[in-house]
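Asker: Here's the letter readout for the chains.
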Amino acid sequence: MDLTYTDEQKAFREEVRAFLNEKLPARLSDKVATGKRLTKADYEEWHAILNARGWLGVTWPKEFGGTGWDAVQRHIFEEETTRAHAPRIVPFGLNMLGPVLMKYGSKEQQDHYLPRILNGEDWWCQGYSEPGAGSDLAAVKTTAVREGDHYIVNGQKTWTTLGQHADMIFCLVRTSKEGKPQEGISFLLIDMNTPGVEVRPIVLIDGEAEVNEVWLQDVKVPVENLVGEENKGWTYAKYLLTHERTNIAGVGFANTALENLRRIARLEKSGGRPLIENPFFAAKLAQVEIDLMAMATTNLRTIAAAAAGQAPGAESSMLKIKGTVIRQEINALTRQAVGPYALPFVSEALDEGSNVEPVGPDYALPATQAYFNNRKLSIYGGSNEVQRQIISKAILEL
Amino acid sequence: MNFELTEERQMLQDSLRRYLGDTVTPEMLANATESEAGHSETLWSGLAEMGVIGALFSEEDGGFGGAGFDLAVVFEEIGRAGAFEPLIASGVLAGGLLAAEGSEAQKARVEEVIGGAILGFAHSEPGARYDLDHVETTATRDGDGWRLTGRKTVVEHAGAADAFVVSARTGGDTADAEGISLFLVPADAESLAIRDYPLNGGGRAGEVTLDGVTVSQDALIGAEGAAFPAIEEAAARATCAICAEALGLMESIRGLTVDYLKQRKQFGQPIGKFQALQHRMADVLIEIEQARSAVINLAGHLETDRVKRERHVSATKNLIGRVARLVVEEAIQLHGGIGMTEEYALGHLAKRLTMVDHRFGDTDYHLERFIRLSAA
Ligand SMILES: Cc1cc2nc3c(=O)[nH]c(=O)nc-3n(C[C@H](O)[C@H](O)[C@H](O)COP(=O)(O)OP(=O)(O)OC[C@H]3O[C@@H](n4cnc5c(N)ncnc54)[C@H](O)[C@@H]3O)c2cc1C
Numbered sequence: 001m002d003l004t005y006t007d008e009q010k011a012f013r014e015e016v017r018a019f020l021n022e023k024l025p026a027r028l029s030d031k032v033a034t035g036k037r038l039t040k041a042d043y044e045e046w047h048a049i050l051n052a053r054g055w056l057g058v059t060w061p062k063e064f065g066g067t068g069w070d071a072v073q074r075h076i077f078e079e080e081t082t083r084a085h086a087p088r089i090v091p092f093g094l095n096m097l098g099p100v101l102m103k104y105g106s107k108e109q110q111d112h113y114l115p116r117i118l119n120g121e122d123w124w125c126q127g128y129s130e131p132g133a134g135s136d137l138a139a140v141k142t143t144a145v146r147e148g149d150h151y152i153v154n155g156q157k158t159w160t161t162l163g164q165h166a167d168m169i170f171c172l173v174r175t176s177k178e179g180k181p182q183e184g185i186s187f188l189l190i191d192m193n194t195p196g197v198e199v200r201p202i203v204l205i206d207g208e209a210e211v212n213e214v215w216l217q218d219v220k221v222p223v224e225n226l227v228g229e230e231n232k233g234w235t236y237a238k239y240l241l242t243h244e245r246t247n248i249a250g251v252g253f254a255n256t257a258l259e260n261l262r263r264i265a266r267l268e269k270s271g272g273r274p275l276i277e278n279p280f281f282a283a284k285l286a287q288v289e290i291d292l293m294a295m296a297t298t299n300l301r302t303i304a305a306a307a308a309g310q311a312p313g314a315e316s317s318m319l320k321i322k323g324t325v326i327r328q329e330i331n332a333l334t335r336q337a338v339g340p341y342a343l344p345f346v347s348e349a350l351d352e353g354s355n356v357e358p359v360g361p362d363y364a365l366p367a368t369q370a371y372f373n374n375r376k377l378s379i380y381g382g383s384n385e386v387q388r389q390i391i392s393k394a395i396l397e398l
Numbered sequence: 399m400n401f402e403l404t405e406e407r408q409m410l411q412d413s414l415r416r417y418l419g420d421t422v423t424p425e426m427l428a429n430a431t432e433s434e435a436g437h438s439e440t441l442w443s444g445l446a447e448m449g450v451i452g453a454l455f456s457e458e459d460g461g462f463g464g465a466g467f468d469l470a471v472v473f474e475e476i477g478r479a480g481a482f483e484p485l486i487a488s489g490v491l492a493g494g495l496l497a498a499e500g501s502e503a504q505k506a507r508v509e510e511v512i513g514g515a516i517l518g519f520a521h522s523e524p525g526a527r528y529d530l531d532h533v534e535t536t537a538t539r540d541g542d543g544w545r546l547t548g549r550k551t552v553v554e555h556a557g558a559a560d561a562f563v564v565s566a567r568t569g570g571d572t573a574d575a576e577g578i579s580l581f582l583v584p585a586d587a588e589s590l591a592i593r594d595y596p597l598n599g600g601g602r603a604g605e606v607t608l609d610g611v612t613v614s615q616d617a618l619i620g621a622e623g624a625a626f627p628a629i630e631e632a633a634a635r636a637t638c639a640i641c642a643e644a645l646g647l648m649e650s651i652r653g654l655t656v657d658y659l660k661q662r663k664q665f666g667q668p669i670g671k672f673q674a675l676q677h678r679m680a681d682v683l684i685e686i687e688q689a690r691s692a693v694i695n696l697a698g699h700l701e702t703d704r705v706k707r708e709r710h711v712s713a714t715k716n717l718i719g720r721v722a723r724l725v726v727e728e729a730i731q732l733h734g735g736i737g738m739t740e741e742y743a744l745g746h747l748a749k750r751l752t753m754v755d756h757r758f759g760d761t762d763y764h765l766e767r768f769i770r771l772s773a774a
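Keeping their order, the protein sequence lines are chains A and B. Just so you know, the first sequence maps onto residues 1 to 398 in the working numbering. Just so you know, the second sequence maps onto residues 399 to 774 in the working numbering.
Wrong hints could be hidden among the right ones.
What the hints assert, rightly or not - Dumping the calculated BS3-like pairs for lysine-lysine here, alpha-carbon to alpha-carbon at most 27 Å:
# : chain 1 : residue 1 : chain 2 : residue 2
1 : B       : 671       : A       : 393
2 : A       : 238       : B       : 663
3 : A       : 23        : A       : 62
Claimed, not checked - Partial list, derived from the structure: chain B residues whose beta carbon lies under 7 Å from chain A:
#  : residue
4  : 552
5  : 595
6  : 596
7  : 598
8  : 664
9  : 665
10 : 674
11 : 731
12 : 760
13 : 762
No lab work stands behind these hints, which were simulated from the structure alone. C-beta atoms are modelled at their ideal positions from N, C-alpha and C, and glycine is treated no differently.
Go ahead and model the full structure; you've got the sequences and the hints to work with.
Answerer: What follows is the structure, encoded as structure tokens:
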């Protein structure tokens with residue numbers, strides 16, 4: 001048992017820190033730290049900076065232009081970037097589609113798409129969910145019918161995160177109604193500029209439109225955009241989900257959220273004293289910190305196992321649940337901390353360069369929004385209920 | 399022991415539920431927040447006509463109710479509908495204070511309030527958080543009258559108010575209960591500025607700045623420097639109102655969620671068939687019944703002596719805050735993605751219920767206060 005990092009790992013951390021010090025624009029880290037709205041251009045700017053250093057393909061092997069980092073290095077990178085308030089890496093191309101193409105894509109697809117993901121030429125979004133297919137993903141109804149050298153796609157995807165920015169969408173589509181639902185699904189890459197693709201925003205309870213409906217009507221997709229084999233899409237989809245769940249614990253995000261909470265609790269006054277000194281509040285803060293300390297070690301335990309070559313299994317379900325519950329608790333405490341200033345909803349104040357002043361402290365509205373927005377953490381990426389099913393089957397064998 | 403409503407209250411509940419059910423639509427609520435008034439003028443005049451504002455006042459004050467259970471009946475229905483009319487600001491707080499403390503001339507305004515005129519209660523200040531005695535705004539003698547200077551924050555329905563009941567210090571230090579006075583100040587008074595904005599969960603509020611506002615001697619409400627007990631009592635009544643509103647919101651959310659569990663199918667069956675979700679919903683039901691009893695406790699003790707009353711205020715507000723969080727979070731979770739959307743009915747109700755904890759003291763504030771009052 002040794003809880004310390006090796007000298008190489010420590011040196012790597014220093015290298016990441018130095019890079020962030022030098023290259024992370026203050027404009028971007030300020031926006032992230034203060035909960036301002038990030039634009040498409042902001043994400044693209046950060047991706048380009050990472051790419052110039054060869055650090056955008058965090059989870060990618062070197063042969064595809066990735067970092068080739070092991071699980072511990074990825075973890076250190078995650079810790080440092082979140083601590084520095086870097087924008088998150090938009091995961092759809094990098095953490096989701098990329099690994100699928102590397103494993104199941106054709107050589108042409110790899111050569112074409114992977115560099116474009118790194119260069120920022122394509123912005124991908126994830127077209128898995130449908131109105132009738134959420135937790136029960138195999139129920140997807142969107143059809144792709146082969147006609148000559150094209151598929152004709154009809155249906156509707158939903159909850160498509162940042163689809164408004166996307167050029168490309170990877171979709172689960174039904175190519176067969178025979179056999180089990182899982183056996184008739186294919187994995188198709190669709191250019192969002194094709195006629196018949198329509199994106200409609202969905203406003204969430206934080207007032208922001210980060211997700212969309214994507215309507216597909218007689219969309220012509222060249223057959224070469226099929227990944228792997230027809231009707232084998234379920235296998236690829238599941239492979240992707242295991243990658244979606246890397247870093248599922250969100251320890252870095254939890255740490256920065258906790259730091260933000262502490263900062264706010266020092267500034268807010270309750271009965272004339274800083275809120276952080278209020279024993280009731282301090283107790284809750286301590287409780288969640290204690291949970292986070294233990295969870296961070298659970299996370300490291302799985303990372304160490306992964307670095308030693310063990311395949312991630314149902315433990316990721318544990319981390320997903322504990323990680324999201326802890327982050328949601330921190331978000332709830334932060335909302336509570338801002339007191340009556342959770343009420344004003346002056347949304348314009350979140351735009352960069354806006355001349356609209358917030359009402360009350362500038363951290364208040366982002367605190368409320370984060371609380372509402374992060375209800376998603378326990379819903380998406382396999383809901384926490386679905387994760388409990390996995391644990392009870394795969395680990396407990398019940 | 400009798401937990402039935404009186405015949406009058408039962409009638410009020412029935413007609414109010416019917417009226418709100420027929421009148422309130424999601425579009426109406428969305429438009430109301432966007433509108434200049436910050437609430438629905440149609441709904442407001444409808445409520446006034448039905449006598450709903452009058453139900454918040456005693457017969458002596460020109461109304462026909464005014465007791466804790468009247469508040470509970472009215473606000474549970476308001477909550478059920480997700481409405482955000484100025485009933486608390488104008489009826490319970492500003493109007494209530496005028497009725498309790500006002501001179502004969504000032505009491506005449508109560509009749510206008512019952513008829514639908516809107517008053518605001520400009521009390522909270524930037525450093526106060528939830529402390530009712532934190533008043534920095536000053537009122538100093540100015541010839542025959544008074545000059546008011548200070549900043550009031552998150553004053554609900556400020557933009558719609560004709561006048562404000564303003565608290566200001568005529569003696570004592572910032573956090574003293576002694577030395578707080580109340581004044582009736584017209585909204586269009588010179589040197590009074592309002593910055594108005596929308597609120598999470600619907601409705602609008604404003605930052606009210608008094609930059610040497612002068613009022614005459616007869617603007618003073620009640621005795622100079624002795625307003626705190628009245629403010630505390632008005633806040634107790636407002637807390638009863640908002641807790642009942644929260645209960646109504648919980649009931650609506652429960653209804654929506656149970657319906658959704660029955661309708662939504664995944665894996666070939668209604669998700670309500672999953673035992674994991676059934677148990678969660680059963681817990682929600684149990685906690686909402688706790689909330690109902692807590693509201694009854696408070697409503698039944700509004701007219702008792704101060705310490706007893708305030709213990710119930712804090713007990714009920716604490717419990718409501720805890721249950722509200724559970725109900726909101728479980729309802730969203732059990733809905734899945736749809737529960738997070740602005741468009742679906744749950745979104746508004748969930749936000750409104752969440753914001754209950756940010757009004758009149760949150761869960762922790764009242765836990766601490768309950769302990770203090772119990773030790774007294
Ligand atoms: C903000 C946000 C962003 C998203 N981004 C994307 C995206 O970019 N691309 C994409 O494809 N999808 C995305 N999703 C969709 C997400 O993956 C789904 O919301 C999720 O799979 C849940 O599906 P659902 O919303 O239909 O809920 P449902 O599956 O209908 O679930 C409703 C409730 O039933 C529970 N439940 C379901 N099955 C069971 C069971 N067997 N046992 C016990 N309980 C069960 C669920 O846990 C939940 O509590 C996003 C969702 C959100 C909220």
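Asker: Taking the hints in turn, state whether each one holds.
Answerer: Right, here's what the structure says about each hint:
For the suggested pair residue 671 of chain B and residue 393 of chain A, the alpha carbons sit about 19 Å apart, so the restraint of at most 27 Å is met. Pair hint residue 238 of chain A plus residue 663 of chain B holds up; C-alpha atoms about 22 Å apart against a cutoff of 27 Å. Using a Cα cut-off of 27 Å, the hinted pair residue 23 of chain A and residue 62 of chain A holds, with the two alpha carbons roughly 22 Å apart. At a threshold of 7 Å, the smallest CB-CB gap from residue 552 of chain B to chain A is about 5 Å, leaving the interface hint in force.
Hint on residue 595 of chain B holds. Least Cβ distance to chain A is approximately 5 Å, under the 7 Å limit. Taken as an interface hint, residue 596 of chain B checks out: its beta carbon lies about 5 Å from the nearest beta carbon of chain A, inside 7 Å. At about 5 Å, the closest approach between the beta carbon of residue 598 of chain B and any beta carbon in chain A falls short of 7 Å, and the interface hint on this residue holds. A hinted interface residue such as residue 664 of chain B counts as satisfied when its beta carbon comes closer than 7 Å to some beta carbon of chain A; here the least separation is about 4 Å, so the hint holds.
Checking residue 665 of chain B against chain A by beta carbon gives a least distance of about 5 Å; that is within 7 Å, so the hint holds. The interface hint given for residue 674 of chain B holds, since its Cβ lies 6 Å from the closest Cβ of chain A, which is under the 7 Å cut-off. Evaluation of the residue 731 of chain B hint against chain A yields a held restraint, the C-beta minimum of about 6 Å falling below 7 Å. With its C-beta approaching chain A no nearer than about 6 Å, residue 760 of chain B sits inside the 7 Å limit, and its interface hint holds.
With a cut of 7 Å, the hint placing residue 762 of chain B at the interface with chain A holds, because the nearest CB-to-CB distance is about 4 Å.
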